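The opening residue of the sequence shown carries number 620 in our numbering; numbering runs sequentially from there.
Since the hints were made in silico from the structure, they are not lab data.
One thing to keep in mind: the hints can contain errors.
Listed next, the in silico DSBU-like pairs over lysine-lysine satisfying Cα-Cα at most 30 Å (straight line) [stated by the list, open to error]: (1) 740 with 812; (2) 737 with 665; (3) 812 with 737; (4) 640 with 761; (5) 740 with 665; (6) 665 with 761; (7) 737 with 761; (8) 640 with 737; (9) 812 with 826; (10) 837 with 826; (11) 812 with 665.
FRET-style restraints, in silico, Cβ to Cβ [said to hold, decoys possible]: (12) 703 with 661: 39 to 47 Å; (13) 764 with 926: 20 to 28 Å; (14) 642 with 846: 39 to 47 Å; (15) 655 with 740: 20 to 28 Å.
This structure is a prediction, so every number in the text was calculated from the model and none was measured.
A virtual CB, placed ideally from N, CA and C, is assigned to each residue, including glycine.
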Amino acid sequence: MEAAHMRKRNRRPLCRKIVLKLPDLDHAKSAVLNSLSSPHSRRNYKFAMEQFITWYCSEPRLSLNRSVVLRFRLYLESLGLAAGTVNQRLAAVRRLAYEAADSGLLSPELAAGIRRVKGVKQLGARTGNWLTQDQARLLLEKADGEDLRSVRDLAMISLLLGCGLRRAELSALTVEDLQIRQGHWAIVDLVGKGGHVRTVPVPTWVKQAVDRWRESAKVTAGRIFRAVSRHGTPWGEGISENVIWYVVRRSADRMQLEHLAPHDLRRTCAKLCHVNGGELEQIQFLLGHVSVLTTERYLGCKQDLEEPVNDRFGCLFSRLSVNLR
């Protein structure tokens, strides 16, 4: 009994760190990345945490507390980043502090203070980029051609415009995903962002463009889209998301369109569905959105830029002329 009492009295109290060194930060960063299931989340969180670690180690070694994270938020705002980007990187820093506290590397009081750091308020909403129906038709015409690369590019852009796919979904699309459901071709059980599963109907003209590419490249199984060599022959077992980006940019340059991204074609698909009488709920199912508010933001329903209200009172000064490209 006396020996046990001596051991209990000599036991030192647990001392939490307030200043984290580089090995401690790397350990907490690895714990955060291992807890994330989505590869896109791991990529974004890894970049945000590495940016914070580089900034934190370049400063004098202060304790990792709420004041330091507030200074980091001011640093992010000084870079001119958008509010959503700043908030996403602050969320990664909070997650880093949680894992450090759970591992015994940081005081729980300091982690709780970091949790109370508020993000940047996002005032208003940015305007999305859409194509009109004539512009979408012209984009497909510019992508069309007789060589194998043009046939592949036309099939890619057709799926982006006609089905509203994301780049990751398009690059991972396989031959087995295309099936007939209720007498209509569809991409069945497509696993999208966040692991959400949906079924995407495929219009007839899109299916014809895909079949033309498959017949030309002799693709019978596996991923549908492959790389095309400079000699005009298919090779490899798939393509990356960057290939889709350059395909859209190359077709947009032929139309002299600037700032057109593959995700803009997804917005265009939603916009054209809504303009031609598509129901909001069905558009939500097509795009795979969890919230209908996200679908409304894609459509730009709140503000009408085609017939704005300030055009209703007519021209106030007739000598001025404006040239629209």
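Is the Cα-Cα distance between residue 837 and residue 826 30 Å or less?
holds, 16 Å
Taking 30 Å as the top limit, are the C-alpha atoms of residue 737 and residue 665 close enough?
holds, 21 Å
Decide if the proposed pair is consistent with the structure: residue 812 and residue 826, CA atoms, cutoff 30 Å inclusive.
holds, 23 Å
Verify the proposed pairing of residue 812 with residue 737, using a straight-line Cα cut of 30 Å.
Holds, because 26 Å separates the two Cα atoms, which is no more than 30 Å.
Using the Cβ atoms, figure out if residue 703 sits within 39 to 47 Å of residue 661.
Given a distance of about 19 Å, which is not inside 39 to 47 Å, the answer is violated.
So if I understand the rule, the pair passes when the alpha-carbon distance is 30 Å or less; does residue 640 with residue 761 pass?
violated, 55 Å
Taking 39 to 47 Å as the stated bounds, is the beta-carbon spacing between residue 642 and residue 846 within them?
For residue 846 against residue 642, whose Cβ atoms are near 41 Å apart, the range 39 to 47 Å holds.
Within 30 Å, alpha carbon to alpha carbon, are residue 740 and residue 812?
Holds, because 25 Å separates the two Cα atoms, which is no more than 30 Å.
A range of 20 to 28 Å was offered for this pair. Does it hold for the Cβ distance of residue 655 and residue 740?
Roughly 26 Å apart at Cβ, these two residues keep to the hinted range, so it holds.
For the pair we were handed, residue 640 and residue 737, check the Cα-Cα distance against 30 Å.
holds, 25 Å
Is the straight-line distance between the alpha-carbon of residue 812 and that of residue 665 30 Å or less?
holds, 18 Å
Take a quick look at whether residue 740 and residue 665 sit within 30 Å of each other, Cα to Cα.
Since the Cα atoms of residue 740 and residue 665 sit roughly 24 Å apart, the hinted pair holds (cutoff 30 Å).
This entry does not satisfy hints 4, 6, 7, 12, 13, going by the numbered hints stated previously.
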